[in-house]
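With the sequences and hints as input, model every part of the structure.
Here the protein sequences line up with chains A and B, keeping their order.
Quick note on the working numbering: the first sequence kicks off at 16 and runs consecutively.
Quick note on the working numbering: the second sequence kicks off at 10 and runs consecutively.
Calculated directly from the structure, the hints in this document are not laboratory data.
Treat the hints with care, as some may be off.
Said to hold, decoys possible - Below are the EDC-like pairs computed for lysine to aspartate or glutamate, each with C-alpha atoms no more than 20 Å apart in a straight line:
#, chain 1, residue 1, chain 2, residue 2
1, B, Lys25, A, Glu134
2, A, Lys44, B, Glu412
3, B, Lys297, A, Glu93
4, A, Lys157, B, Asp122
Stated by the list, open to error - A partial selection of chain B residues facing chain A, derived with a Cβ cut-off under 10 Å:
#, residue
5, Lys297
6, Val299
7, Arg410
Glycine included, every Cβ here is placed at the ideal spot set by N, Cα and C.
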Amino acid sequence: MVNDETIATEWAIEAENMRVDYGNTVAVKGLTLKIPYGEVYGLVGSNGAGKTSTFSVWATLIQPTYGNVKVGGVDILESPDKAREMMAYMPDLAPVPSDLKVWEFLDLFARSYGYSASEGKERWTDCLNMVDLWDKRNDFCKDLSRGMKQRVNLAKAILHHPKVIILDEPASGMDPQSRAKLRVILKKMAAEGTTVVVSSHILNELSDMCTSVGILHHGELIDHGELQQVVDRGEGGEAQMLILVAGEQALKIAELKKYLDEKHAAQNLEPTIMKGGVVVTVSGGMDEQAALLTQLVSEGIEIRSYTTLGSGIEQRLMEINR
Amino acid sequence: MTGEFKQEHELGVELKPVAFWQLHKNPILLRYLRSRLRWNGLAAALILTLVISAFTLVISYNGAIRFSFESDVNAYRAAFLPVFLIQVIIMLFLGTGSVASGITQEYEDGMVDYQRLTPMSPMAKILGYLFGLPIREWFLFAVTSAFIGIIVVKGQVPMESVWRVYSVFFLSIILYHLMALVVVHSMKKKRVAGRVIQLLVVVLYLVFPLLSQFGLVFFEYLTVRPILKENMLEYIPKGANMRRLLDLDSGATTVPFFDQQLRAWSFSMIIMSSLTVSFLLMLCRRWKDVTSHLMSKPFALIFFGFFMFFLIGNTLPIAKVGEMSITKNFIEIREKSLLDRIEHFKDREPLRRAFETKLKTYREKTKVTNATAADAPVGQTVFGSICVLFACLVVYIVTPRNEKYLLGLRRARNLKKKWIPFHWDEAPGLLVTLCVIVMLTVTLFCFSTTLYSAPTMPARIRGLIPFIPIVCLFAAVVVLVFYLVYEAWENKGLFLLLLFIWVLPIMVALVIAVQSNHYPTLVWFSSISPIAAYGYGMSDWVFLPEKEAFFCSFGLQVLIGGFAALALLRKKRSEQKVILENLVDD
Chain A
16 MVNDETIATE WAIEAENMRV DYGNTVAVKG LTLKIPYGEV YGLVGSNGAG KTSTFSVWAT
76 LIQPTYGNVK VGGVDILESP DKAREMMAYM PDLAPVPSDL KVWEFLDLFA RSYGYSASEG
136 KERWTDCLNM VDLWDKRNDF CKDLSRGMKQ RVNLAKAILH HPKVIILDEP ASGMDPQSRA
196 KLRVILKKMA AEGTTVVVSS HILNELSDMC TSVGILHHGE LIDHGELQQV VDRGEGGEAQ
256 MLILVAGEQA LKIAELKKYL DEKHAAQNLE PTIMKGGVVV TVSGGMDEQA ALLTQLVSEG
316 IEIRSYTTLG SGIEQRLMEI NR
Chain B
10 MTGEFKQEHE LGVELKPVAF WQLHKNPILL RYLRSRLRWN GLAAALILTL VISAFTLVIS
70 YNGAIRFSFE SDVNAYRAAF LPVFLIQVII MLFLGTGSVA SGITQEYEDG MVDYQRLTPM
130 SPMAKILGYL FGLPIREWFL FAVTSAFIGI IVVKGQVPME SVWRVYSVFF LSIILYHLMA
190 LVVVHSMKKK RVAGRVIQLL VVVLYLVFPL LSQFGLVFFE YLTVRPILKE NMLEYIPKGA
250 NMRRLLDLDS GATTVPFFDQ QLRAWSFSMI IMSSLTVSFL LMLCRRWKDV TSHLMSKPFA
310 LIFFGFFMFF LIGNTLPIAK VGEMSITKNF IEIREKSLLD RIEHFKDREP LRRAFETKLK
370 TYREKTKVTN ATAADAPVGQ TVFGSICVLF ACLVVYIVTP RNEKYLLGLR RARNLKKKWI
430 PFHWDEAPGL LVTLCVIVML TVTLFCFSTT LYSAPTMPAR IRGLIPFIPI VCLFAAVVVL
490 VFYLVYEAWE NKGLFLLLLF IWVLPIMVAL VIAVQSNHYP TLVWFSSISP IAAYGYGMSD
550 WVFLPEKEAF FCSFGLQVLI GGFAALALLR KKRSEQKVIL ENLVDD
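Here is the structure:
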């Protein structure tokens, strides 16, 4: 389907000075971004940041006001059909037809992408198995639960072995088990060389699967790069850290809280007992958190383990929104 | 993670999306074959169609034998029109409804966007929906065709006539179904679109053909009636049900076109194929880019020019002999109907005599005269209104909303252009409007001068010819004002213009006419509407209120146009300044 010429490019998605307007509202402003193959790229941002507009342009659903966008080296404005051959898009609240059975829905799209009847059947069987919905193949799409509809749409998205998959809030409505499955599928596809671009409000999940992220704010790309780098570039701000101590739990926890209240009052850590440990608020980034832990250890506190509450990317996003 | 990526297709097969001509493989068609032909939904419709078709055939056949004493062959022929009517209802009314509601449902389900993302060509998608959405109606049509088959074979109807009728019928089905797709694709409120389509089918099939009584026969050829008349009338026995629907007007089955006389079949095929191609092009545009106009600006000009050319070519020969009188046409129809009955009952003395007496009385009541002084302005008003309305529709389609215009300005700025290129959808519609106005004015001028110079017109009417340019200028101003108001204040402004200036004055005038019948007040009120004023412009100048009212209406249009032009100029200048000169970093 995709010839060598079109895929012999370094970047799965290239956007240059991309702008999207709705009347006087600027949805995306001057977005310049390159996403390599095999990446799970998370596009994050608060509501109205421009994620869906960006995805709609990349998916060839709308045209940008201006700017160049290439998917797999193909200019989406010049050859949208060619670009569509190598990409898949799953919108937020992905739709399903009310009058088709699950297998009919997948067969429609398998054939739309050019599979013959037998190849198509083979392909949608694989995809249905992949999303654990083989048993539901003869059910009407309208009778499925929200999460199942999302999974059917995921199966539809991966039908034609796309080189780029764009997923807008793919996990919405899915139960935890399905979400875990979704992560596994997306990671597997990325490992095979497919680029997955995903947006989600469940940022912890994005942290778990994304190799790199971009942060959109009011239509502008504030930061992007490898996940850890983006997190590290944050000002730090305030982070909540859960500290678990060794020894007799209840007693030690209470002692730690008292200790922090008295000895570290100047640091304004606001220690609180919860989640089987003490939660403290630390001003600054990873370095400040590490410094506090080192200090506590040096002061003789036996720390069993610690964890930062909320993902790094979540904190970064909150910083930006502030 | 960066690196070249090459993924082999798992099955080792080169995928090639279905081409538009491979209809049997079209996935969208197959999808509807599955969903719309499920036995659960189909059974009731199938049984109902079988019962109604069989009943119609049997009752028409037996009725013809029992009451009209027709031969066996003629009795079968008598059943043709009723069964054909069932097919018309299935395909044109139910089928068009299915297309409209089906594509609306696709929009609501979000499936249209999904289909947009598949690499099939826009034409393949359009054809898939075109034949897929009404697949149940096609199936029911095939079922009724069995009954038509019996009628054709037993009634010994020549295959050539059947072929001619069905070739036009198929084309008209496709045309109406495409129209449904165009309307739903172009309207924002998809649910409303379904209603609009149903209304359009009724208007195009039942209302517009009536305009042929004013000499505008063009619209009749968007229906199958002329073709039935040309090819089937001679085979349908005179006493058959519904035969008179075909035989309402004069016996001519040819179509006047400038100095030529075309066969109804040829003319219908030309008109319908042209419209079909136009609709397909419009849909392709929408499938490629959902935000694009239905027509590009150059295409809109060609489309409008084509429409004007066919309309004038069709109407001039009728105008030349001054036959634009609705009264005269209706009288002729009624007379012809009575003459047919006399002929039909020539062997049944009492009935024949009764109809002869009826005809005599009717002729005494309505003495058919040549065109009267009122006929020319009426014909002129109807023709002018149709042309002006069509011009406004084209202008509406190609004029960008402000949102789109701003988008165009930004794009132009990005490309270092000083202005939005004319052919872009985002470019203002002024140039197209001016071109449309030129074509409109030429058409109206040709038509009016021909009509008013007809030898049947009274000398007083012919004396009005020097005023024709003023009236044509008025029509041009009306279209220009329509454009200016739309571009300046968009739909809200247009709504107010159409309601308070175009429609409401006529409604008030009608109330006045019913209540007091005070003619000058009626004229003054109705003349606020450009439609009525256009008619007054060329009416007999002896009546003073009409003359003055016309010029007042002209003044009102200029005033509204002036305000709109000022508002538009101010708006465009400021937007241009902000965006093109990049004074503000937006």
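Hint check results:
1. Lys25/B with Glu134/A: Cα-Cα ~12 Å, so holds.
2. Lys44/A with Glu412/B: holds (17 Å)
3. Lys297/B with Glu93/A: It holds: about 11 Å lies between the C-alpha atoms, which stays within 20 Å.
4. Lys157/A with Asp122/B: It holds: about 18 Å lies between the C-alpha atoms, which stays within 20 Å.
5. Lys297: Holds, about 8 Å.
6. Val299: For Val299/B, the interface hint holds, since the closest Cβ of chain A sits about 7 Å away, which is under 10 Å.
7. Arg410: holds (9 Å)
Hint check: no violations occur; every hint is consistent with the structure.
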